[in-house]
Each structure stands twice: as structure tokens, then as C-alpha cells.
Amino acid sequence: MADINITGYNSNYLSQRSSLQVWLKIDSVSGYQATKITVSGERQLTATFDIGALPDTTEALLLVLNAEDGTAIRPRAVKINSAEDQAPSVPTKLTNLPVNTFKTKAGFYFPYRSILDETIRNTFFHVALWMAMFALLLIGLYHSIQYLLTKRIESDIKAASYSYAAILYGLLGLATGSVWARYTWGTWWTPDVKLNMAAITMLIYAAYAVLRAGINDIDKRSQLSAIYNIFAFAAMIPLLFVIPRLTDSLHPGNGGNPALGGEDLDNTLRMVFYPAIIGLFLLGRWIATLNIRIERLRIRKLQSDL
Amino acid sequence: MKQTIFLIAIALLTPALLMAHGSEDFLRSTGKIYSVVLAVVIIFLGIVIYLVRIDRKVSRLEKEMRD
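So the protein sequences, as listed, match chains A and B. Everything in the first sequence is counted per this note's numbering, starting at 1 for the first residue and increasing by one. Everything in the second sequence is counted per this note's numbering, starting at 307 for the first residue and increasing by one.
What the hints contain is simulated information worked out from the structure, not anything from laboratory work. Heads up, some of the hints might be wrong.
Now the stretches of chain A that chain B is said to cover, found in silico as 3 or more residues with beta-carbon under 8 Å [unchecked claim]:
no.	stretch
1	123–134
2	160–174
3	177–183
4	292–306
Below are the EDC-like pairs computed for lysine to aspartate or glutamate, each with C-alpha atoms no more than 20 Å apart in a straight line [stated by the list, open to error]:
no.	chain 1	residue 1	chain 2	residue 2
5	A	Lys301	B	Asp361
6	A	Lys93	A	Asp27
7	A	Lys79	A	Asp50
8	A	Lys301	A	Asp248
9	B	Lys363	A	Glu59
10	A	Lys301	A	Glu154
11	B	Lys369	A	Asp305
12	B	Lys363	B	Asp373
13	A	Lys301	B	Glu370
14	A	Lys79	A	Asp3
15	A	Lys79	A	Glu154
16	A	Lys301	B	Glu368
17	B	Lys369	A	Asp50
18	A	Lys25	A	Asp56
19	A	Lys220	A	Glu154
20	A	Lys301	A	Asp192
21	A	Lys36	A	Asp50
22	A	Lys301	B	Asp373
23	B	Lys363	A	Asp50
24	A	Lys93	A	Glu154
25	A	Lys36	A	Asp3
26	A	Lys220	A	Asp266
27	B	Lys363	A	Asp305
28	A	Lys93	A	Asp50
29	A	Lys79	A	Glu42
30	A	Lys151	A	Asp56
31	A	Lys93	A	Glu59
Ideal placement from N, C-alpha and C gives every residue a C-beta, glycine not left out.
The following block holds chain A by itself, in its conformation from the complex (with noise of 0.2 Å):
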């Protein structure tokens, strides 16, 4: 006889009694039913188990199921160690188990991801920050090779308030990461492969604010901060995008973590997260455009003055 305390997550195990069902699966085929269940709250039961000797040290994986939730599973919820003095016991086939319990909700429902929980909406914010400061990244890329192109201020004044937009936005993408970090590992920062290369993405581009605050001379600001902004880019895609992906890595969505990897991000995320970005993304070029027409402004002035 085994007792297994089981805490739900959004279930409805008090009203659902009458259909509730507690299963231990031992492999493709058996598995053992519970024979009591107890109910102490929507939230709350335990199960009981009347297992006998298995021949070997077994990882069961525990199966909750009733008509309104449907079917919850935890894989590798139990390991079963037998005494050499109990009876041999032949689970069941899990022919019993009815299969047709996997349901949809109705309604408007997050995927249930562990670790994540609710903080799954973080897709929207800080992830689409994310995204959105690459956009904005590579407008700034763009005008910087216009720059060294053409020798038009106009275009050194569009890369730099992009790039600034986007420094902004990955400032902001840090600290919200770090919040999450805060509650989710315990700790505000972790030396994690991912948080550090985003970190040195971050001194690299601030170098680039540096650079251009640094020097007076406008067209040796211009053409320095240009081919800067060309290298700083180049060093971001390995930095974000592979390094973090070759190695393990706590963050979500790298080494085997949930997150956006294939069947992570479900649609109802999508129909939220896409429109996020494009949000963050206009209102980053909004912020930038205000900081072009300021730096016309100033050009303008400059030149008046002469």
C-alpha cells in the first residue's frame, strides 16, 4: 500500500470526483489503478496504491484524470522499490484506461508548461522586447552601411536612434529577465550562457553610445561609429543566437527547456506574442523617429549658426 499526495494546477478534482481517475503507468501496456482516492480540495487528493514486488526499481508515471480537466501527466512522478517480501504483483493492463480523455478546454486557455506557469506570458513582454530591439537592430545596420555609402549625416542620425531604441529595448529585456530569474531560479542573475551572452551583447552596443559620445568631430564620429555598428552586429548573431543554442542552458527555449521551440508555442500564444512584437517594434521606431527629428533639429541649428 502506497499513499501519493497529488497537488493539481487549475483542476477541478472536488466537483469532478465522481469521474476521477488515478493511474501509475509502469510501461506501454500496464500500469496500476489507484484503489482509494481521496479528495481534499479542488486542488488536492491522494491516491492510494496497492503495489506489489516489481523486479525491478521501476519509474512509474502518474496519470490524473476526470471528465472536466481531462488528462494531466507527470512522467517519471514515482519511483516504485519493491521489498523481497512482498507478493509479486501483475499490474493491469492498461486496457482499463480510457483513452478518449485527452480534451481541449473550451475557452481561451495558456498552455501549462512546469517552471513556467503562469510566467508563460512573458512571451509578450520580454521576449517580443527582444525581438523587437532585432528589428530595430537591423534598421541601425542598414543605415550604417548607407552612411558609409553615400556620407549622408542623415543616415548616421537614423542608425545611431535606432541603435539607441534598441540598446533601450535590451536594457529593458535584461531587467525584466532578471525579475523572472528573481522568482523562477531564486537568484537575480545566474552565470547561465544565454544571461551572459546577452550581457556582453548589451557592454558591446553600450560601447557604441560611448564611442559616439566620445568624439566631437561629426564626420569622424559618423564613419567610426558606422563601421562599429556593422561589427557590433556581427558579434550580436553568434552571441544571441548560436552560442547559447551549441551548449546547456537554463534559460527557456535553449538546451531542452520549454519555450518557443516547435510545440512550445501553441496558437494561443501566437495570437498574442506576433502582435506584441510588432507593438514594441513601432513604438521603438516612434522612440527613434522623435530622436531623428531632435538630431535634424540640431543639424539644422548647427548650420544656421555657421
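The hints should help you fit chain B onto chain A, whose structure is shown.
Showing chain B alone in chain A's frame:
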């Protein structure tokens, strides 16, 4: 202007920070949803502070143009 923004920032952040230190369970409660709220507040404040900086740049430029 600067002071006002700073005070707004303090007023917005204080409850969250107090709870973060007082009972760590608040931001972790209901699936850590309040850490997302904190992230949204940070983004909002960051953008507002940047816009205020642009506002001051424009004001300075306007003043210079007038002189």
C-alpha cells in the same frame, strides 16, 4: 519634472519591493503571475523615463532656438 518621475517610480515600485522582501510568496503565488506584472511595470517605467529624456532634449533645443 525629474523629481516627479522619480517619485512615480518609487510609488509604483514600493508595494512590489515590499512584498518581495516581506513575503516572498506573493510574487510566486498564483503561478508567479505577479513577476510578469513586475516585468510590465519595469518596461513601462523604462519607456516613460526614456521619453522624458527626449522631452527634455526637445525643451533644451526649443530654448536654444528661441535665443
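To see whether the hints hold, each was checked on the structure:
1. Counting residues of the stretch 123–134 of chain A whose CB lies closer than 8 Å to any CB of chain B gives 3, which reaches the minimum of 3, so the coverage claim holds.
2. For the stretch 160–174 of chain A, the stated coverage by chain B holds: 3 residues have a C-beta nearer than 8 Å to a C-beta of that chain, and at least 3 were required.
3. Check on the stretch 177–183 of chain A: 4 of its residues sit with their Cβ under 8 Å from a Cβ of chain B, so the three-residue criterion for coverage holds.
4. Restraint check on the stretch 292–306 of chain A versus chain B: 4 residues with Cβ-Cβ distances below 8 Å, three needed, restraint holds.
5. Pair hint Lys301(A) plus Asp361(B) holds up; C-alpha atoms about 18 Å apart against a cutoff of 20 Å.
6. For a cut-off of 20 Å, the pair hint linking Lys93(A) to Asp27(A) stands: about 10 Å separates their Cα positions.
7. At roughly 14 Å between alpha-carbon atoms, Lys79(A) and Asp50(A) fall within 20 Å of each other, so this suggested pair holds.
8. Of the pairs offered as hints, the one joining Lys301(A) and Asp248(A) is violated, with about 53 Å between alpha carbons and a cut-off of 20 Å exceeded.
9. As the CA atoms of Lys363(B) and Glu59(A) are separated by approximately 64 Å, the hinted pair breaks the 20 Å bound.
10. Of the supplied pair hints, the one linking Lys301(A) and Glu154(A) holds, its CA atoms being roughly 15 Å apart against a limit of 20 Å.
11. Annotation: proposed proximity of Lys369(B) to Asp305(A) holds, straight-line Cα distance about 15 Å (limit 20 Å).
12. Among the hinted pairs, Lys363(B) with Asp373(B) is consistent with the structure: their alpha-carbon atoms are about 16 Å apart, no more than 20 Å.
13. Taking the CA atoms of Lys301(A) and Glu370(B), the gap is near 9 Å; set against the 20 Å cutoff, the hint holds.
14. As the CA atoms of Lys79(A) and Asp3(A) are separated by approximately 13 Å, the hinted pair is consistent with the 20 Å bound.
15. Distance check on the hinted pair: Lys79(A) and Glu154(A) sit about 67 Å apart at the alpha-carbon level, beyond 20 Å; violated.
16. In summary, the hint linking Lys301(A) to Glu368(B) is supported, as the alpha carbons are separated by about 11 Å, within the 20 Å threshold.
17. Taken as a hint, the Lys369(B) and Asp50(A) pair is broken in the structure, with Cα atoms around 83 Å apart against an allowance of 20 Å.
18. With a C-alpha separation of about 15 Å, the suggested pairing of Lys25(A) with Asp56(A) holds against the 20 Å cut-off.
19. Of the pairs offered as hints, the one joining Lys220(A) and Glu154(A) holds, with about 15 Å between alpha carbons and a cut-off of 20 Å not exceeded.
20. As the CA atoms of Lys301(A) and Asp192(A) are separated by approximately 48 Å, the hinted pair breaks the 20 Å bound.
21. For a cut-off of 20 Å, the pair hint linking Lys36(A) to Asp50(A) stands: about 9 Å separates their Cα positions.
22. As the CA atoms of Lys301(A) and Asp373(B) are separated by approximately 12 Å, the hinted pair is consistent with the 20 Å bound.
23. As the CA atoms of Lys363(B) and Asp50(A) are separated by approximately 74 Å, the hinted pair breaks the 20 Å bound.
24. Between Lys93(A) and Glu154(A) the CA atoms are separated by roughly 74 Å; this puts the pair beyond 20 Å, and the hint is violated.
25. In summary, the hint linking Lys36(A) to Asp3(A) is supported, as the alpha carbons are separated by about 9 Å, within the 20 Å threshold.
26. Restraint check: the Cα-Cα separation between Lys220(A) and Asp266(A) comes to about 49 Å, which exceeds 20 Å; the hinted pair is violated.
27. For the proposed pair Lys363(B) and Asp305(A), the alpha carbon gap of about 19 Å is at most 20 Å, so the pair holds.
28. With a C-alpha separation of about 15 Å, the suggested pairing of Lys93(A) with Asp50(A) holds against the 20 Å cut-off.
29. As the CA atoms of Lys79(A) and Glu42(A) are separated by approximately 26 Å, the hinted pair breaks the 20 Å bound.
30. Taken as a hint, the Lys151(A) and Asp56(A) pair is broken in the structure, with Cα atoms around 75 Å apart against an allowance of 20 Å.
31. Proposed proximity of Lys93(A) and Glu59(A) is supported: the alpha carbons are some 17 Å apart, at most 20 Å.
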